[in-house]
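2 protein chains.
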Amino acid sequence: MKIALAQLNYHIGNFEHNLQKMLEAVKTAKQQGADIVAFGELAVTGYPPRDFLEFDDFLRHCDDVINSLAHAAQGIAIAVGAPCRNPYAEGKDLFNSAYFLFDGKVQHITHKTLLPTYDIFDEYRYFEPAFEWQVAEFKGKRIALSICEDIWNVGNENPLYRVCPLDEMQKQGFDFILNLSASPFTHEHARERIEAVRHNVARYQTPMFYVNHVGSQTEVIFDGGSLVMSPDGTLYEECPYFVECVRTYDLNDVMRGNNPPCELPKEKISLIHDALVMGIRDYFAKLGLKRAILGLSGGIDSAIVAVLAQRALGSKNVRCLLLPSQFSSDHSIQDARKLAENINIQYDTVFIEDIYQEYEQTLKPIFAGTKSDITEENLQARIRGMLLMAVSNKFGNILLNTSNKSEAAVGYGTLYGDMAGGLAVIGDVYKTDIYRLAHYINKDGEVIPQNTITKAPSAELRPDQKDSDSLPEYDLLDQILYLYIEKRKSPRDLVAMGFDELVVRRVLRLVNLNEFKRAQFAPILRVSSKAFGMGRRMPIVGKYLG
Amino acid sequence: MKIALAQLNYHIGNFEHNLQKMLEAVKTAKQQGADIVAFGELAVTGYPPRDFLEFDDFLRHCDDVINSLAHAAQGIAIAVGAPCRNPYAEGKDLFNSAYFLFDGKVQHITHKTLLPTYDIFDEYRYFEPAFEWQVAEFKGKRIALSICEDIWNVGNENPLYRVCPLDEMQKQGFDFILNLSASPFTHEHARERIEAVRHNVARYQTPMFYVNHVGSQTEVIFDGGSLVMSPDGTLYEECPYFVECVRTYDLNDVMRGNNPPCELPKEKISLIHDALVMGIRDYFAKLGLKRAILGLSGGIDSAIVAVLAQRALGSKNVRCLLLPSQFSSDHSIQDARKLAENINIQYDTVFIEDIYQEYEQTLKPIFAGTKSDITEENLQARIRGMLLMAVSNKFGNILLNTSNKSEAAVGYGTLYGDMAGGLAVIGDVYKTDIYRLAHYINKDGEVIPQNTITKAPSAELRPDQKDSDSLPEYDLLDQILYLYIEKRKSPRDLVAMGFDELVVRRVLRLVNLNEFKRAQFAPILRVSSKAFGMGRRMPIVGKYLG
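Chains as they are written, first to last, in the working numbering: chain A, 1 to 546; chain B, 1001 to 1546.
Isolated chain A, as found in the complex:
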């Protein structure tokens, strides 16, 4: 028996697009001699479809796609993820299901048992967990069809769920596991995924075929990396990252095992780079957009975003504004220009001084008797945001935001100013990793000017300002942020680890006080296990550590 894995880039709610893509893959799989072709979890809708699932009309479209796919399942079986209506009155109205289609008909349906409801996942919001289990049978083989999280309860000391669907199916016996996934990227996740598959293969002593999505949906990035593992726990093949593919495997070959090492490299910064490029590309492509704009300050953050955008969209689709004020240093403008020339993107220079003076003049009667403070710094940042939005509105270039995760964490940014933009490209990348990204980008020659990398970070909103005037050094800051945000350490834990108590209290307080700013921030391309945005939900009026 031959099984094809189709690792595809779906588009949420774009049924025709998803169907055509799958029909193409069915054709390819047939050409490769496959008996079964497998698509990802909720491939019919794209993942995550979110509250679209509450619309009956949306579900009717899903049924139509399943019917079309069943019709195409001639001479080949199709395993595909889609929502399925719950026939019982009790419980949620839907299941998250794997359909097994053959000979023009739905032959079998398995519902998902383990519904991830944490971080970016909201599955119990929509779906009833499965409470009955049945293996699928096809051409004399018994197949344990499972969906994503269904395989993740195995091999944990503290499992999230009280049942284990494959344990239930094991009572009926099965020849292999076929898992349809929508398992998002983080820079650590590809490795964890292989381990999860290995735990299952070890427990059930059968091979596993695991198919994932590729492509990104606003903030959620799917890296692909579909894989096949032999019963002895050796990797038979890992599909490539960040590209679509359809590959067919012979079950007998996979059964043999004892495979030579074939794991693909998983270097953190390289993965993040590729994920962000795909994240930008898909954001534009799926919104039907082409062109981006951003402000180039001469600093490292905007330089990185410019390079990523240029790699995603092409030089001709990225334009920049240089927006100097009286506080901008000469080298800032030179560095920004040099970068724009290195990557061959259009740039214009717009001085913000006159507009700034006009605001000062206009506000003079109201501000009489007050001192200059953060207000004036915010004004400059907001003038820049407005000019970028004006050019965006006029020419249809979408504004890319250039804030990094360290800034977003402590609220070092101006709402409606440098926090503006349609997509926050590096909002899940700490400043210390931004430097690593810059070195990675420059590995084959200077793309980002050396001076941009080596100079001290500054917002340049007042004379001789440095980020380190108001924040701890980024090496220290990022450690504390990582331990608090990703690892949920308490002040007590951090002090016990040797961090200064005053610094810890101040940083954690800043993180919590700035929920109100992040609540209005652009969607952030997610590359870590805990990004700001939909995966981290905090009260705004909360008082904890604030």
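Keep in mind that the hints were calculated from the coordinates and are not lab data. The structure displayed is predicted, hence computed values, not measured ones. Glycine is no exception: its CB is placed at the ideal position from the N, C-alpha and C atoms. You can take every hint at face value.
Anything over 10 Å on all C-beta distances counts as not near chain A; from chain B, calculated:
| no. | residue |
| --- | --- |
| 1 | T1028 |
| 2 | E1132 |
| 3 | I1194 |
| 4 | R1203 |
| 5 | L1235 |
| 6 | R1256 |
| 7 | E1263 |
| 8 | L1264 |
| 9 | K1268 |
| 10 | K1290 |
| 11 | Y1435 |
| 12 | D1500 |
Listed next, the stretches of chain A that the computed footprint assigns to chain B, with coverage defined by at least 3 CB atoms under 8 Å from CB atoms of chain B:
| no. | segment |
| --- | --- |
| 13 | 279 to 291 |
| 14 | 354 to 364 |
| 15 | 515 to 524 |
Below are the DSS-like pairs computed for lysine-lysine, each with C-alpha atoms no more than 30 Å apart in a straight line:
| no. | chain 1 | residue 1 | chain 2 | residue 2 |
| --- | --- | --- | --- | --- |
| 16 | A | K316 | B | K1517 |
| 17 | A | K543 | B | K1021 |
| 18 | B | K1517 | A | K394 |
| 19 | A | K517 | B | K1394 |
| 20 | A | K487 | A | K543 |
| 21 | B | K1371 | A | K290 |
| 22 | A | K105 | B | K1543 |
| 23 | B | K1316 | B | K1455 |
Since the structure of chain A is already known, use the hints to place chain B on it.
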């Protein structure tokens, strides 16, 4: 036996505040001769604590509060909601629990079974559902302790859950139901709540004591309305809406039933008015803020917000800017001034023309050869937003947003312009209800100038502009929006109901295309069953109806 219901205004994560409030209420209940005093669901943390629940340090604080309350439970029992750690390795690490405290100790714990995970609720994100049930015993009475949603599965044709915790407890028998709730306000919910209680009383033939939170937490508003119902289904008492109270009831009196009508009035517009005033007041109080600012355009939306803010915070804590341009009509400025004078709030007039000219001048080289379009309209809106934010930053007045639900729905507003602000006061109120609110506010004499109410709505961003130039009339628009957003009707349904297909397609398309704008919008005070924001989660790159 006497049971006290303590309907209190908690603050998320502010443990000391919540504890002191509860200790005060214990004292009051004792003075009223109560044997038991009951607080709301997760009263210890405030509701919803969201991802704070993932922090072990946060949970340690909860345990401390429970210990302090147990210590205070002398001569009176305390029923209180708090998270409880799951002792089993399998499943989520927490339960959402009702603690029964007496004589210095935890005497009993009931875990919540039905975990709402829809709209604004994310409970399965944090909690394992109960799978064992036990009634509490106290002074010879058997008490069915339950938590909020636990009573909501009864009386539905299509229940959300497959188990019913009170059915399980009924096997042991109980004398009354004590339900600890955190049941948020919508203008329809108070009525539904009484019906839900009635269904349970009818099914189990015992009285029910139901205690709710009051007060608001950013967007989520709790209206109170705690209640006591006799076994015959007649209401014994309904506690007041939008205020704290501690009231004690004699079980024997409640048992008798046949109570005279005592239901409080529930007029939609009046409820919304009171909810919004409390929503503003608590947002400021819980963030430790005092003063608000907003832009007064002379239109009805900003007029309503000004009045609500003045009622919430007092005249001296609300200031306004009038921000006319060359497109502002004379009556706009007069109407705005008149309103400010009617409610006695500070106002300043700032002309935006000079700043606008300066932007035009600065952008001239880049905009050469282009025509005037939406860009120039957005510029005006953003200049206003920037001026309001500048005064906000300088004097510490938080900007209140004045967009209504109809505008937010179709994207009729400028990101970083009139969509700016810390709190969207009327973002869940359709334009047609805005008019009803204005009449309600004026019921005892003119507060909002008549001309503000009667003139045709206009953004005044170009000469003689009217909202109806680009949108259907609000009467029609709001009907379609309500049916799509609250009732999730499809285009097909709407056309079948008699709406014009082109209008329907256009409106629904606008709603879906503008997710990107709403994703960066301020938190919205929630007064309907489906507000934009945390309770409505839509893909941004999704293609459905877009």
